[in-house]
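There are 2 protein chains.
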Amino acid sequence: MVSESLFLRACRREAVERAPVWMMRQAGRYLPEYREMRQRADFLTMCRTPELAAEVTLQPIRRFGMDAAVIFSDILIPLEPLGFAVVFGEKGPTIAQPVRKPADVPTSVPENFDERVSYVYQTIEMVGDELPAEVPVIGFVGAPFTLASYLIEGGGSKSFAETKRFFYHQPEAAHRLLGLLADTVARHLRNQVRAGARAVQVFDSWAGVLSEAEYRVWALPYAQRVLAELAQERVPRILFTLNAAHLYGALAEADAEVLGIDWRTPMGQAFDLLGDRFALQGNLDPTVLLGQPEQVVTETHKVLAGVGSRVGHIMNLGHGVLPSTPIANVEAFVQAVRDFTGED
Amino acid sequence: MVSESLFLRACRREAVERAPVWMMRQAGRYLPEYREMRQRADFLTMCRTPELAAEVTLQPIRRFGMDAAVIFSDILIPLEPLGFAVVFGEKGPTIAQPVRKPADVPTSVPENFDERVSYVYQTIEMVGDELPAEVPVIGFVGAPFTLASYLIEGGGSKSFAETKRFFYHQPEAAHRLLGLLADTVARHLRNQVRAGARAVQVFDSWAGVLSEAEYRVWALPYAQRVLAELAQERVPRILFTLNAAHLYGALAEADAEVLGIDWRTPMGQAFDLLGDRFALQGNLDPTVLLGQPEQVVTETHKVLAGVGSRVGHIMNLGHGVLPSTPIANVEAFVQAVRDFTGED
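Top line first, the protein sequences correspond to chains A and B.
Okay, so the first sequence: first residue is 1 according to our numbering, each after it adds one.
Okay, so the second sequence: first residue is 1 according to our numbering, each after it adds one.
The set of hints was computed from the structure by calculation and includes no laboratory data.
Don't be surprised by glycine CBs; every beta carbon is placed ideally from N, CA and C.
Heads up, a few of these hints could be off.
Interface residues of chain B toward chain A, partial, derived using beta-carbon atoms under 10 angstroms [to be verified]:
hint : residue
1    : TYR34
2    : GLY156
3    : VAL209
4    : ARG264
5    : VAL288
Put together the whole structure using the sequences plus the hints.
This is the structure in structure tokens:
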């Protein structure tokens with residue numbers, strides 16, 4: 001019998017003694033011990049080498065004692081087995097051969113998919129062996145819309161013009177691509193759970209660029225398909241969407257236990273809108289961790305005070321921790337969560 | 001007596017026979033006649049040469065018969081007289097010497113400010129001479145927060161990390177910078193009105209990156225100062241904010257006649273929230289103009305149907321027209337507004 005973690009209990013909206021805390025991208029560039037390892041191996045090599053990826057995953061747990069360990073990986077990892085090489089450069093990922101016409105859409109998930117990304121599953125196994133039972137491993141991946149936008153744009157974007165052009169001109173191929181990505185992503189998450197992930201997070205990071213009407217056509221149905229396929233695995237399913245204040249009506253229908261909320265919506269307001277059905281994760285503005293430690297404490301306590309006595313809150317940032325974040329501010333953040341009594 | 005335009009009447013929330021229509025960035029790169037001129041002069045030279053800027057301003061009016069003529073200029077134009085050279089490159093504007101410490105904040109608006117950007121005012125005068133009375137000229141500029149973010153980041157940004165770091169560590173200098181920008185921007189807009197602009201638009205394009213609490217500290221008060229200083233000019237004041245669904249509570253307090261709404265919020269919903277106090281401008285998703293002409297017509301009519309019989313709607317895109325937009329789709333957009341009867 002695995003002893004139950006704060007994090008998993010909060011995901012199930014059980015009463016907990018304090019909010020569990022972790023940070024999106026906590027295994028990564030803001031850590032000096034990570035940067036030191038990166039001098040000897042590039043990003044993708046580190047992802048693909050379970051010993052290195054497991055070590056990086058454990059670094060923030062050792063240093064800060066987070067309540068959950070998100071694996072060191074990337075939301076785009078499942079794209080390579082589908083035939084798209086991703087280059088992770090200084091200015092973000094790029095895809096040399098983007099999807100621009102229907103013939104560019106792969107026809108099926110390759111049979112050897114599991115093998116091609118088995119390093120992720122091995123990483124999870126290794127991390128699971130090292131972690132105390134009360135610190136669960138979180139697996140993750142990008143949602144179909146977000147992955148499709150990278151595939152079609154050939155990288156990140158501001159306007160998502162190519163993605164929407166493809167959707168409008170090639171709707172059939174677009175739906176085929178999104179369906180294939182849903183199958184791929186569901187498979188990747190299921191494999192992560194079977195390797196030991198005790199929660200999964202789906203990042204639909206860029207879906208906030210869509211109006212609710214478009215979101216209901218191009219993003220939500222495919223995120224739902226992924227989430228539904230994971231239901232039988234019986235681990236908490238977290239859906240994170242950046243910049244989604246206009247999408248809460250649709251997100252209220254998500255087949256998930258937890259919704260990730262970015263910093264734009266006060267957490268109390270998010271609970272009023274969504275807290276009767278979901279645990280909510282978030283939402284300190286990651287740029288607050290670039291401020292003074294006292295500001296970190298004040299703003300962290302504001303988030304927690306906004307939640308008040310409501311159940312089902314997982315403390316996190318509103319987006320990934322920024323590479324330029326000082327360690328002292330991460331310490332202040334974690335400590336502020338531990339110290340919070342609701343009386344300041 | 002200047003005959004009254006559809007656009008100005010809609011700004012004042014008077015009943016009009018149909019919604020007036022124009023497009024943010026309608027004078028620009030999607031037009032072949034603009035691209036042809038750009039082969040002989042770079043972007044800044046075109047901005048600074050009234051004959052060229054006036055010609056480009058008039059191009060979309062001649063081709064499509066828009067109901068208002070926004071001048072060809074840039075939201076960053078007032079930065080150069082403040083001592084910041086802006087380079088307009090393929091990947092957006094960059095500022096070689098960004099603001100990174102309090103000493104980098106200029107102490108005052110230079111006395112020769114008007115002279116240094118007089119080309120903008122001359123452009124407006126030239127355009128005013130050419131336009132029929134029912135097509136007013138719109139002047140514009142960036143809002144203090146948005147300009148400050150360019151100055152501090154040294155260009156565009158995704159995370160606005162440097163801007164927020166500066167705000168958190170140097171709040172006094174940050175407020176000084178924002179105050180100076182408010183004075184600068186108000187002066188630039190007032191000069192545009194006196195040169196003949198019959199409406200002004202303030203672009204707080206990036207303020208949507210802030211939570212409402214931060215918006216009320218770093219953006220709204222300075223946009224308000226600009227808007228308030230323009231009140232005596234008695235022209236409609238338009239405040240545009242991208243990605244602002246979480247800020248409508250604060251935007252409801254704006255000292256403006258018109259709010260620009262991006263494509264994320266259905267126009268009917270925006271009218272329910274804000275339409276009792278403001279005329280509203282928007283909001284076809286600019287990427288729809290990359291689709292098929294029939295989709296353009298359908299989606300344009302959807303926006304208009306969402307507004308219904310309410311007064312004070314100015315049809316526009318939800319953000320600037322994209323450079324890759326086909327001319328035929330702009331024609332379809334404008335024609336769809338003209339043809340709309342509310343019965344399809």
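*Are there hints from earlier that the structure breaks, and if so, what are their numbers?*
1
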